[in-house]
Every structure is written in C-alpha cells, then in structure tokens.
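Top line first, the protein sequences correspond to chains A and B. Under full-length UniProt numbering, the first residue of the first sequence is numbered 1, with each subsequent residue one higher. Under full-length UniProt numbering, the first residue of the second sequence is numbered 1, with each subsequent residue one higher.
Be aware that a few hints might be false.
A few chain B residues that don't get close to chain A, going by computed Cβ distances all over 12 Å [claimed, not checked]:
1) I2
2) S29
3) Y47
4) Y95
5) G126
6) D172
7) D180
8) E186
9) D190
10) D231
11) D237
12) I238
Covered, in the sense of this in silico footprint (three residues per stretch, anywhere, with C-beta under 8 Å from a C-beta of chain B), are these stretches of chain A [as the list claims (entries may be wrong)]:
13) 41–51
14) 70–80
15) 134–147
16) 151–159
Hint data in this document are derived by calculation from the structure and do not stem from the laboratory. C-beta atoms are modelled at their ideal positions from N, C-alpha and C, and glycine is treated no differently.
Number of protein chains: 2
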Amino acid sequence: MIGSLFVTGPAGTGKSTFCGAFKEWLTRSDYDSIIVNLDPGAEYLPYEPEIDIREFISLNDIMSEYSLGPNGAQVVASDLLIDNAEKIRSKLDLYEDYYVIFDTPGQIELFSFRPSSPMLVERLAGKKGMLAFIADSVVAQTPSGFISEKMLFGSVYSRFYIPMLFVLNKIDLIGDEVVDKIKSWEDDPDLLYGGFLDEKGEMVKDYFLNIINAFKESDIITKISPVSSKDMFGFDDIYSDMSNYFQGGEDTDTEYRDE
Amino acid sequence: MIGSLFVTGPAGTGKSTFCGAFKEWLTRSDYDSIIVNLDPGAEYLPYEPEIDIREFISLNDIMSEYSLGPNGAQVVASDLLIDNAEKIRSKLDLYEDYYVIFDTPGQIELFSFRPSSPMLVERLAGKKGMLAFIADSVVAQTPSGFISEKMLFGSVYSRFYIPMLFVLNKIDLIGDEVVDKIKSWEDDPDLLYGGFLDEKGEMVKDYFLNIINAFKESDIITKISPVSSKDMFGFDDIYSDMSNYFQGGEDTDTEYRDE
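Please construct the entire structure, taking both the sequences and the accompanying hints into account.
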C-alpha cells in the first residue's frame, strides 16, 4: 500500500460515485489502485470492489440473528467492522504498490462517529491513512449550509486527527460561478459573514464570525477541493494532495500532465 | 402547544430514552406534555407516543414499494416526513396547553442534515420550536470527543438556527468528577486545549484553540446541561431553559420545587 484514502461524508453526497470515478481516473493516469467497500448495507455500488466487507458481514443475517430492524442492524454491522479488520488487512497485503480507496458506510455516523473507527483506520492503513470528507455542493451553496458542512468536517477531524481533504463534490450541479462564490467565502470570512447575515437575518453575537475565523486561521482546513465525479473534474488536485502526503510530493507529474 | 422540543443527536446517545424520561418528569411536575415519534424506523420505543409517524409511514412498505434496502429506505422515509406534516399538525392542535416533545430519527443525519427538516420544524411548531442536542457523556469525556460533539452541535445549529440545548446525557455512566471536568473545559478553553495536547500530542497550529474560543465567546452555545435519563437527574434545568424561552421565564417555580 502506498497510501489509503478513507472516503466519508453524509448520506447522499456521492461517496461511492466519487470512489468509483476517482479509481477510474487513477487507472487512466497509470496509478494502481483498488477499492475496498466497507459498507455492509450497500445495495448497489457504482464500481466493482476488489475487497468487499459484504463477504464477511451480512446486514440481513444481523437483522435475523440479533432480531433487529434496519436501524439497529446498521449500528451493529458498523461495530463489527473492527472484528473483520485482520481479514481485510490480509487481503490488502496482496496489493503492495497500490493506492487503496475505502468506501465507508452510507450514513456518516456509522463510520465517522463510531468509537472504534479511528482504531479501524489504524489497523487497516497504519500511518498511511488519510480521510476525504465529501461535501455536497448543493448544500454548500448557502452560507449556513457551508458553515454547517465545515463544522461537520471539523467534528470528524477531531475524532480521527489525521490529514483530511474537504472535497466539494457534484460541482456540475451548481456551476463555476457558485464554486467561485464558495471559494471566496473560504478566503474571506467577512464575505461569508455578510452572506450569512443576508440569509438568516440577525446574528447571534459573534459566534459564526469566530467559528469562520477559527477555520481561516488554520492551514489544515482551509483548502476546498471542488470535484465533479460525473465529469472527473478536479481529481488531479485530489491526487496531488494524496501523493504529497504519502510520498512527500515526489510524484507531482500528474498536475502538469492534466493541465 | 406551549412549546416544542425537537430531540436530536447521533444514534445511541439515548434520544428516545431521554424523551420518555423527560415526559415522565414533566408529568410528575404537573406539566402537560405529549411525545411525537418522528422516527419511521423505530422498532422499540421506551414510551407510548401520543402521535406516531409510523401510523403514516412504514419503512417496510417503502423498502418493497421503492425496491430499496434499509439504507435507502431510511433516507426516503425521512424525506416523506414533510409530506405528512399537515396530518401531524392537525393531531397536535388537539393539545392546546401542552409541551410537545419530538423524538427524531435514530441517525442524526436523517433529521438534522436533511434539507427539508428546518421547514418541518417550522410547519410543526411555528415559532415555538427549540432543539435539544443529545450528546453522549462517554464520548464527551475525552477532549477530542468533547470538541467533536460541540462541532457537531454547531453544525446542526447552523442548519436550524433556532434555540438549542446541549444536553450531556448518561452522566450516570461517567460520574460527578468527570462531569465537573467537562464543565471546566467549557468554562476554561485553555484547560481543554491542554487536555487535547495531552491526549493527541502535537497540535495543528491554533486550530482547536480558535474553535474552542469561538464557542466560548458565544453565549448561546456555552451552557452544558448534564442529565441522566436513568436517574431523572437534571431535568429541572432543561425545563427551566425551555420555560424561559417559551414563556419568558414566568414559570420558574420548578427550579425551587426540586431543590
């Protein structure tokens, strides 16, 4: 394994689509990669995973075995991931010089907020793990939605505390102008503050401005990576960040190749 | 309706248990209240709801009707809540001088992060709605867990932007000393910062200190309400906050009655 990207984010932001499209982009760019599906409840996947947790964990079995409905079964299934870490690990070891993309369970808390998940990342990837937080462009196009996504990102980051990308997915749905607007909020908290005022009216003290500035003043969290899994746009940038982290930026030719 | 409390939080933090216990506390204190279950996927409820969304929405029906697995069906079911708002509303109108407790779907994003939910709250409660964010004491006892919970709280708050309580549930599991420690973090960001350093080692710039200070400098978000649904501890405080908001603090006798 060269490095692992654990793809997380709220349900419906396009995690699985991102995983499939990014894998295809890597293949076209001559980088070896595999996808590991970590969602025991996945019904349809837009890719063919090399390793699939559903070989080891069946949601239907859990529902009948523990007499649980879908809600409870999903929580139990996500807690069973750690018990299967060694089995996955031994399969992973077959892919030596590969990037590994981990597609995590559909709803964010089944992975990002389970107590065992940071341990799972450690067991599967050692020190070679990073996270991609997939944010939905449609939600992020309002100031309140953007702030909410950033705080959710921060919440996940606090749990894992490993390098993490803020991937603004589905930008094909909002267009370049809106992407630029979102980026301008990131660069200029006062603009975001003004936008929030326009959207929500009165402001609760300086709460949001403080939050926004806190993000702004931190290097790790300010970068937005706009992508479109549909158009395969922005993947060179994601790759370059990954490569930078895992290999100290030695392999940066992709940036130039695609420009 | 005197006022409505929408109870949200990650799966497993004890939302339904809190709803049931708080309702019992209100009844014992001679305040009229009802519980509305908004979780179409609830299998077992530790209370008897006066109004139940499962009368209108069936997860099993959705699974077969839309050919969906449990994952997808839960998302569809939560999006159907808004279509049933009027039906619930007409039942609510039967309870004039009541507090209404809304128990929301098990996983946080099925309610807190669906685009239609702020509209749902508006339709069900008008201007008489507030949120209770149920945080898990066991998670909140480490600095990183506490920060993560607070940011998740902030993320939800950004979406709804109505008064919101940070309810530290299950304090019976961590004991008074740990509750005091968590409260001291809230009052003194430097202490939390130090704790985070001890826990995680090196710090990414001033990111967390900025975040912590941003929370600290805002009145709306700094208060922690420790409760134990098991012991019915702390409910007088929750009630007093609710009453303050809905009735301008005119009914504050409960505070004294229970002391």
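Against the structure, the hints come out as follows:
no.: 1; hint: I2; verdict: 23 Å, holds
no.: 2; hint: S29; verdict: 30 Å, holds
no.: 3; hint: Y47; verdict: 17 Å, holds
no.: 4; hint: Y95; verdict: 28 Å, holds
no.: 5; hint: G126; verdict: 17 Å, holds
no.: 6; hint: D172; verdict: 19 Å, holds
no.: 7; hint: D180; verdict: 22 Å, holds
no.: 8; hint: E186; verdict: 15 Å, holds
no.: 9; hint: D190; verdict: 15 Å, holds
no.: 10; hint: D231; verdict: 23 Å, holds
no.: 11; hint: D237; verdict: 21 Å, holds
no.: 12; hint: I238; verdict: 20 Å, holds
no.: 13; hint: 41–51; verdict: holds (count 3)
no.: 14; hint: 70–80; verdict: holds (count 6)
no.: 15; hint: 134–147; verdict: holds (count 4)
no.: 16; hint: 151–159; verdict: holds (count 7)
This entry satisfies every hint, going by the numbered hints stated previously.
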